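K.L.:
The hints should help you fit chain B onto chain A, whose structure is shown.
In order, the protein sequences belong to chains A and B. If you're matching positions, the first sequence starts at 1 in the working numbering and goes up one per residue. If you're matching positions, the second sequence starts at 1 in the working numbering and goes up one per residue.
Because the hints were derived from the structure by calculation, they are not lab data. This structure is a prediction, so every number in the text was calculated from the model and none was measured. A couple of the hints might just be wrong.
[Stated by the list, open to error] The calculated lysine-lysine pairs, modelled on DSS-like cross-linking and capped at a C-alpha distance of 30 Å, are:
{"id": "1", "chain 1": "A", "residue 1": "Lys-2", "chain 2": "B", "residue 2": "Lys-71"}
{"id": "2", "chain 1": "B", "residue 1": "Lys-71", "chain 2": "A", "residue 2": "Lys-129"}
{"id": "3", "chain 1": "A", "residue 1": "Lys-137", "chain 2": "B", "residue 2": "Lys-71"}
{"id": "4", "chain 1": "A", "residue 1": "Lys-129", "chain 2": "A", "residue 2": "Lys-2"}
{"id": "5", "chain 1": "A", "residue 1": "Lys-166", "chain 2": "A", "residue 2": "Lys-2"}
{"id": "6", "chain 1": "B", "residue 1": "Lys-71", "chain 2": "A", "residue 2": "Lys-166"}
{"id": "7", "chain 1": "B", "residue 1": "Lys-82", "chain 2": "B", "residue 2": "Lys-71"}
[What the hints assert, rightly or not] Sample of chain A residues at the chain B side, in silico, Cβ under 10 Å:
{"id": "8", "residue": "Pro-20"}
{"id": "9", "residue": "Gly-93"}
{"id": "10", "residue": "Arg-98"}
{"id": "11", "residue": "Gly-102"}
Every residue, glycine too, gets a C-beta built ideally from N, C-alpha and C.
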Amino acid sequence: MKTLFLPLSVVTAALFAWAPLLIANAPFESTMGLIQKIFYFHVPAWMAMYSGLVVCGVASALYLFRGRPEADRVAVSAAELTVVFGLVGLVTGPLWARKAWGIWWEWEPRLTMALLLELIFVGYLMVRKYGGPGSEKLAAAVGIFGTAVSPFVYVSVNIWRTIHPKTSVVPELPRTAPEMVPPFAVSSLAFILLFVLMLMARIELARRQATLDELYLAHEDSGS
Amino acid sequence: MKTLIALTFALLMAASVAAGQPPAAQSEFVPLSQAPAAEQLPAAPLLIAAYSFFLVAVVGYLWTIWRRLNKVDAELQALRQKTRPQH
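For reference, chain A alone in the conformation it holds in the complex:
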């Protein structure tokens, strides 16, 4: 994995340099105009957030039911990234909404559930930080719960009548606005690669922290 880090970093940097050019040259959406260009970062941020929570959920399950310490390290790393990318989505959304809807925030199903999902993963990190010994297992349960509720957040716009656009916007993009597909695809790929890179770096940090903890324990056991 370490050998992949540098080439992936170069590709990601190139995509992030290319994306703004494509976004700037993409056509304006007919009713929203310039502000719609937040779409190219807002939706990929949620994609990265969902990648994080899926990784966290799977790794949490592996840790809880198989007891693999490496899975726990992956889970906590993914949970942190879920919070970071969720925060980007939660901040860029209201900035878009202020212009498009005339309001910063509306307590409607999608926005409220997205905020709650973010808070579940903030809760995961708080359990890890302040829960004391054994909090890893409790946090793993929180991670699985957060992942289990996430599909409801995704489909909430289709179930309830909300102000937020439906999930069909992105799948229908090639038909409704084919010129918007290249910038969106490049931006999405850049976000996913950035997520992978940040996850690799964070897992490495978790590994070194585990090594340090083991050394401390060995040092204490030796009685010195």
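P.N.:
Same frame as chain A, but now just chain B:
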């Protein structure tokens, strides 16, 4: 003269009554693009704020990883030196 005063008075009355009337109710949707410039929000600052926030969040998070890695490495090195057998 009386006619002029009466006419002025009537005009002033009419003007004040007209000013006191509520504006005509809007009967149909008006696109925001047709609204007066003062009532339109500029999009560019919001767009720049969104992109800037993303950059700050990512760079800030990467900085915390880098800082934590340095701290753990320093602790690892100190602990290894401490536990190294003395000759």
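K.L.:
Please go over all the hints and tell whether each is borne out by the structure.
P.N.:
Right, here's what the structure says about each hint:
Between the alpha carbons of Lys-2 of chain A and Lys-71 of chain B the distance comes to roughly 20 Å, so the proposed pair stays at or under 30 Å and holds. Note on Lys-71 of chain B and Lys-129 of chain A: the hinted pairing holds, with a Cα-Cα distance of about 17 Å set against a maximum of 30 Å. Straight-line distance between C-alpha atoms of Lys-137 of chain A and Lys-71 of chain B comes to about 26 Å, which keeps the hinted pair within the 30 Å bound. For a cut-off of 30 Å, the pair hint linking Lys-129 of chain A to Lys-2 of chain A stands: about 27 Å separates their Cα positions.
Taking the CA atoms of Lys-166 of chain A and Lys-2 of chain A, the gap is about 39 Å. The hint is violated against a cut of 30 Å. A threshold of 30 Å between alpha carbons decides the hint, and for Lys-71 of chain B with Lys-166 of chain A the separation of about 45 Å lies outside it, so the pair is violated. A hinted pair counts as satisfied when its Cα atoms are at most 30 Å apart, and Lys-82 of chain B with Lys-71 of chain B qualifies at roughly 17 Å. With its C-beta approaching chain B no nearer than about 8 Å, Pro-20 of chain A sits inside the 10 Å limit, and its interface hint holds.
Among the interface hints, the one on Gly-93 of chain A holds; its C-beta lies about 9 Å from the nearest C-beta in chain B, closer than the 10 Å criterion. Interface restraint check: Arg-98 of chain A against chain B, minimum CB-CB distance 6 Å, threshold 10 Å, status holds. Annotation: interface hint on Gly-102 of chain A holds; nearest CB of chain B at approximately 8 Å, less than 10 Å.
Against the hints set out earlier in the document, violations occur for numbers 5 and 6.
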